[in-house]
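Chemist: Chain by chain, the residues:
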Amino acid sequence: MALNDSERERYRRQLPVDGWNQERLQNCKVLIVGLGGLGGISATYLAAAGVGHLRLCDSDKVELSNLNRQILYSINNIDQSKAVQARKRLAALNPEITIEALAERLTDKNAAEYAKGCDLIIDGLDNQESRILLNQISFNLKIPFIYGAVDGWQGQIGYFSPPFTPCLSCIMPEPPPSERTIPVFGALPGMVGCMQATIGLQYLMSGQTPLSGKMLIINADTFSFDTISYDRNPSCPVCGG
Amino acid sequence: MKVFLKAGGQLRTMIKPDVDHYTRLVEFDGEKTLAEILRLLPLDPAYIAFIYVESKIRDLSYKPSDGQTITLQPPVSGG
Numbered sequence: 001m002a003l004n005d006s007e008r009e010r011y012r013r014q015l016p017v018d019g020w021n022q023e024r025l026q027n028c029k030v031l032i033v034g035l036g037g038l039g040g041i042s043a044t045y046l047a048a049a050g051v052g053h054l055r056l057c058d059s060d061k062v063e064l065s066n067l068n069r070q071i072l073y074s075i076n077n078i079d080q081s082k083a084v085q086a087r088k089r090l091a092a093l094n095p096e097i098t099i100e101a102l103a104e105r106l107t108d109k110n111a112a113e114y115a116k117g118c119d120l121i122i123d124g125l126d127n128q129e130s131r132i133l134l135n136q137i138s139f140n141l142k143i144p145f146i147y148g149a150v151d152g153w154q155g156q157i158g159y160f161s162p163p164f165t166p167c168l169s170c171i172m173p174e175p176p177p178s179e180r181t182i183p184v185f186g187a188l189p190g191m192v193g194c195m196q197a198t199i200g201l202q203y204l205m206s207g208q209t210p211l212s213g214k215m216l217i218i219n220a221d222t223f224s225f226d227t228i229s230y231d232r233n234p235s236c237p238v239c240g241g
Numbered sequence: 001m002k003v004f005l006k007a008g009g010q011l012r013t014m015i016k017p018d019v020d021h022y023t024r025l026v027e028f029d030g031e032k033t034l035a036e037i038l039r040l041l042p043l044d045p046a047y048i049a050f051i052y053v054e055s056k057i058r059d060l061s062y063k064p065s066d067g068q069t070i071t072l073q074p075p076v077s078g079g
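Note that the protein sequences, when read in sequence, are chains A and B. If you read the first sequence in our numbering, its first letter stands for residue 1, the second for the next number, and so on. If you read the second sequence in our numbering, its first letter stands for residue 1, the second for the next number, and so on.
Check the hints yourself; a few may be wrong.
Derived coverage of chain A by chain B (criterion: at least 3 residues anywhere in the stretch with Cβ under 8 Å from a Cβ of chain B; other residues may be distant) [claimed, not checked]:
#	region
1	44 to 52
2	79 to 92
3	113 to 126
4	143 to 151
5	161 to 175
Simulated from the structure, these hints should not be mistaken for lab results. Where is the CB? At the ideal position from N, CA and C, for every residue including glycine.
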């Protein structure tokens, strides 16, 4: 689909980026699950870049304690649906794309339906149980999944596309043993969310990413980064290695 | 043999670092698996999401070499 005049001007600064394929992006559909500190940021940059169709999923309402990091919202959005408000904000940012708002919790009953037809899934979740479900859906539907997570000064980003790569459950098959309120400050999920969007755009346009089969570990307190690799787990409960 | 255990987040205080803010030196005779090294501390593996040695994730049966750094990654699940 050729760009219209408004789109050509809107994307003028990114079109010359090496390898950029705006028309390919226009034809992509991405599911973003969780619209908080991670998902709010990745959704914003995917919308700004012109990904043609975003499907936003989050059952939560905005709370005051979200506003230290969830910069898609304001004080005027307290008690309002994150999915609905995110859709409004992103539609105002880029009215050239299609944005769906699903004010629902991802469950095993609806996950396949929400992910169906998507080219990519972006993880903006805040709990490991839901990530395990998202990983299962990614495997079942063969849709790549960009994982992201934060806790204090620690961040993690991974790209999973089984059977071509190991899946998330190859390394983390079980949720953590205890429930706790996870400490988080805004700039780190901002960083991780931006990286998820960057990897996502690269994958959508080229079909590849250098993070395939690897995970980036961010230690923000020492500002050190480790890129680690891992093998498929032959005992993995999801992909079976 | 000696290895360096490195941990961040919740795990940092659990390993009782003595080399720097994040690292503990562990010395032992002969070879040991990661599971056996954790028992020396002692540290329950349930608190660890995964372990990597020289940028590769390893399971608890892995036997590190002398002088290697073993990084214990805590669960990270926020968003």
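Chemist: Against this structure, judge whether each hint is valid.
Modeler: Do the hints match the structure? See the list:
no. : hint       : result
1   : 44 to 52   : violated (count 0)
2   : 79 to 92   : violated (count 0)
3   : 113 to 126 : holds (count 4)
4   : 143 to 151 : holds (count 4)
5   : 161 to 175 : holds (count 3)
Checked against the numbered hints given earlier, this structure breaks hints 1, 2; the rest are met.
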